[in-house]
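If you read the protein sequences in the order shown, they are chains H and A.
To convert, take the position in the first sequence, counting from 1, and add 95; that gives our numbering.
To convert, take the position in the second sequence, counting from 1, and add 449; that gives our numbering.
Everything labelled a hint here was simulated from the structure, so no lab data went into it.
It should be emphasised that the depicted structure is a prediction, and the values quoted were computed from it without experimental measurement.
Even glycine gets a Cβ: it sits at the ideal position worked out from N, Cα and C.
To list a few chain H residues with every Cβ distance to chain A over 10 Å, as calculated:
# : residue
1 : 156
2 : 162
3 : 205
4 : 214
Output of the computed footprint for chain H on chain A, the stretches with three or more beta carbons under 8 Å from beta carbons of chain H:
# : stretch
5 : 653-662
6 : 667-676
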Amino acid sequence: MNYTLNVNGKSRSVDVAPDTPMLWILRDHLDLVGAKYGCGGGFCGACTVHADGVAIRSCQFTAAEMSGKKIVTIEGLSEHGTHPLQRAWCELDVAQCGYCQAGQIMNAAELLAKHPHPTDADIDTAMAGNLCRCATYTRIRAAIHQAAGQSAT
Amino acid sequence: MNSAIAPTLPPSEGALDRRSFLRLSALAGGGFMLGFYLKSAGTALAEEVGAASPGEFVPNNYLRIAPDGTVTIFSTRPEIGQGIKTSLPMLVAEELDVDWASVKVMSAVLDQTSGNPNPQSAGGSTSTPQSFNQMRQLGAGARAVLVEAAAQTWGVPAAECSTAHGEVRHVASGKKLAYGSLVAKAATLPPPTGVTLKDPKDFKIIGTRVSGVDNPALVTGQPLFGIDVKVPGMAYAILEKCPVFGGTAVSANLDEVKKLPGVKDAFILTGVRGVASGVAIVANSTWAAFSARQQLKVTWNEGGGANQSWTEMTRQAQAAGAQAADGDGDVFVGAAKVIEATYSFPYISHANLEPQNCTAHVTADSAEIWVPTQNPPSAVNSVAGATGLTAAQIKVHVTRSGGGFGRRLQTEYAAEAAAISQKAGMPVKLTWSREDDLRHDLYRPAGFNFLRGAVDAAGKISAWRDLAVTFGGGGGGGRGGRGGGAMLLPPGAGAVFAQAAAPGAAGAAPARGGARGGGARGGGARGGGGFPGGFVQNFSTRGAQVASNVPTTAWRAPGDCTAMWVSQSFLDELAHAAGRDPLEFKLEHLGAGPAGAYRDRVIPVVKLAAEKLGWGAKLPKGRGQGIAFSFSHQGYVAHAVEVTVSPAGKLKVDRVVSAVDVGSVIVNLSGAENQVEGSVVDALSTLMFPALNIEKGRIVQSNFDEYELLRMPDAPAKIEVHFLKTNNGPTGLGEPAFSALAPAVCNAIFAATGIRVRELPLSRTSLKWS
Ligand code: FES
Ligand code: FES
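Pulled out of the complex, with its shape left as it was, chain H reads as follows:
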């Protein structure tokens, strides 16, 4: 089936089976590999992207469900990688293997959009769906706080 999708501000058309998850459309058909496959079941958050500003697990949504929505992936979060979260992630050297981090940043971006100055508890609640196998949680927390500071100024 043919679908037209709005991804990172561009109209993209794909020809895929109707049940193809958005994650694999992005990765295999649109060559946007920032969203990662970690579980395929909505459990890990590695595949997180935004649909109309809401952080979603892209492995759990099909093209039909996504058409008409504005999809933003890590590749489109900012033009030059300068979103406050992206900068904070580099400054605090958050990543270890880095595989989860695009999903973490996309999830955190929604949090900051809604709560520009989150508390630790806000962060813990909002980020609980994003696994980091390398266990970089304390730096993720710190980087969200740092980015929140940058957002405020």
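Position chain A with the ligands against the provided structure of chain H, taking the given hints into account.
Frame of chain H, contents of chain A with the ligands only:
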């Protein structure tokens, strides 16, 4: 990985490694390259550089300087999250005397030239000790030639020249030349015969906080990982393997599957060397392959493994433990107090967040693979075994790995991808599903420890006996990896009870340079060398093995990661049995042990962690402090923690203080702290959550809903890392800080509640108190 290069203190001056010397060479583009020149000249070269001048060039190059001054350093060790792609190039840049901002780092392809003194593997926390001096020599050698080039240009002695910020300077005349302007001349000069390394007090890059070189690409979603690879004409594959270890595919509805949308091919793979029997589906997208798999029906010959269950394995382990008292002799007679305890831990998975995958393009006479691996040489062997090609016909591109933890030392997924590509006749990317990854891992060994210990009237440990029961010996269905028990058993322990070899080595200088650190093969609760072996009277370990064909392999700090939990928890039990303060009790026993490197290095980290935590603070019930120490993978670590346990039994780790001695130099402070923080939280996760169950020969858990790991709300609020610099060669940090954390937390839980945790994961023990 058994390099003979011992981690010694960096010499301030020295001859180059005898097996290699630095050789310079002109590049077609006018830059100059430098590398370790090895005895057999091959052609493997990081292809990203572009071609070098033919005939003139050397293999195995690590460094390039372009006329515009850009410095490119090739990273040869796989990056799996340990930060090596940043830290080793920092060493080169330091001695080269360039600004870090002018450095670009690129990954090298596997160099199969024989005799590589700098193995392209990552495991056992060995990269830093093996490469520390080599990387520095490489930078210093290049610097020496650039200095010579400038000296000749100016007609002054090289000794009058100095370097800084990528320039050679002539102090007396004030002349300066940028490295880039010297490369043409430098390329014509002979290699240096010896180099002078910097005095550590002059380090400008080493010891600072440097953000990972791939961070900008990571935070913008650029392709870096194996799973991100796409090559022209590539198809997408899955491999369905028998859910029972060792089972084989008999038949499948291949004709039906081949008709499904997007499917290009489907076939049974069986009898391929290094590949578990199964059914491959090759399709035009990952999802087409995953969907077709839902329609696949396979008849399996499950084999003998189908009877296996964790319940039965547990029963057999306990039966073995019931005989634990045999052979104790009379060492427990007359003790003031005797305690007994059984500790147990389940199989767990590595659960790399990036599932195993490999892209392979196999033709009649060649193979090219792109693989996330800790062990590129093993990938060559896997592909050679599966395809019948020779190593020389195989080219390996090493991608970033989404986690290693020991799993990616094994490379059977590369054999699988190669076998599928060969049979399908096209390049394929094989992607394991999360379910495949959990059910076809090579697991961390499960085990039981049956302990008996005694204290005498003076409050000293008078006997300590440990029977370690492990599982293994049944083979893993033709898969790689070690047998289940080997890693936890004392040397020489077989399938029947065996008296352990003398624990001996404690007190002597620990073994160095081995792939798994000093004595990680140690028996039962002894762990990675040192305490209690040699520090406790009447200490003995024995091993027994229950048959199992569950495949196992190294899992972060192999052996130590469970053995330290057992021994450091039991030590705490003995302290309480003696009615003593656990810290005092531990220090007293360490202090009374044999003199040597172990004692000299472990006591200071214990004291430092205790002091920084504020050991001994009076806390209300429900709050407690705990401490534990370890020597693992050449690093000495103590963790001191403070926890709160709610009356309902909910654990919160309030503070973790980590004292770490990994030698005289911390290469990248940010990366080093990240490794300790990650080890702490990973160890807490492993204590609290994961466990695999086995029924009918199958792993029961399938995905992260059933196989839980720690998430942000359970991460400690604060982790303080203190590096204790000692006059010892720098060693690695991927593993040392893992093993003592779980016992420190369990000891704190006991202090808070009086409840002793003796079974992993924590969720199996109620921590409710009133
Ligand atoms: S891959 Fe989508 S939540 Fe894990
Ligand atoms: S950094 Fe490795 S999974 Fe998060």
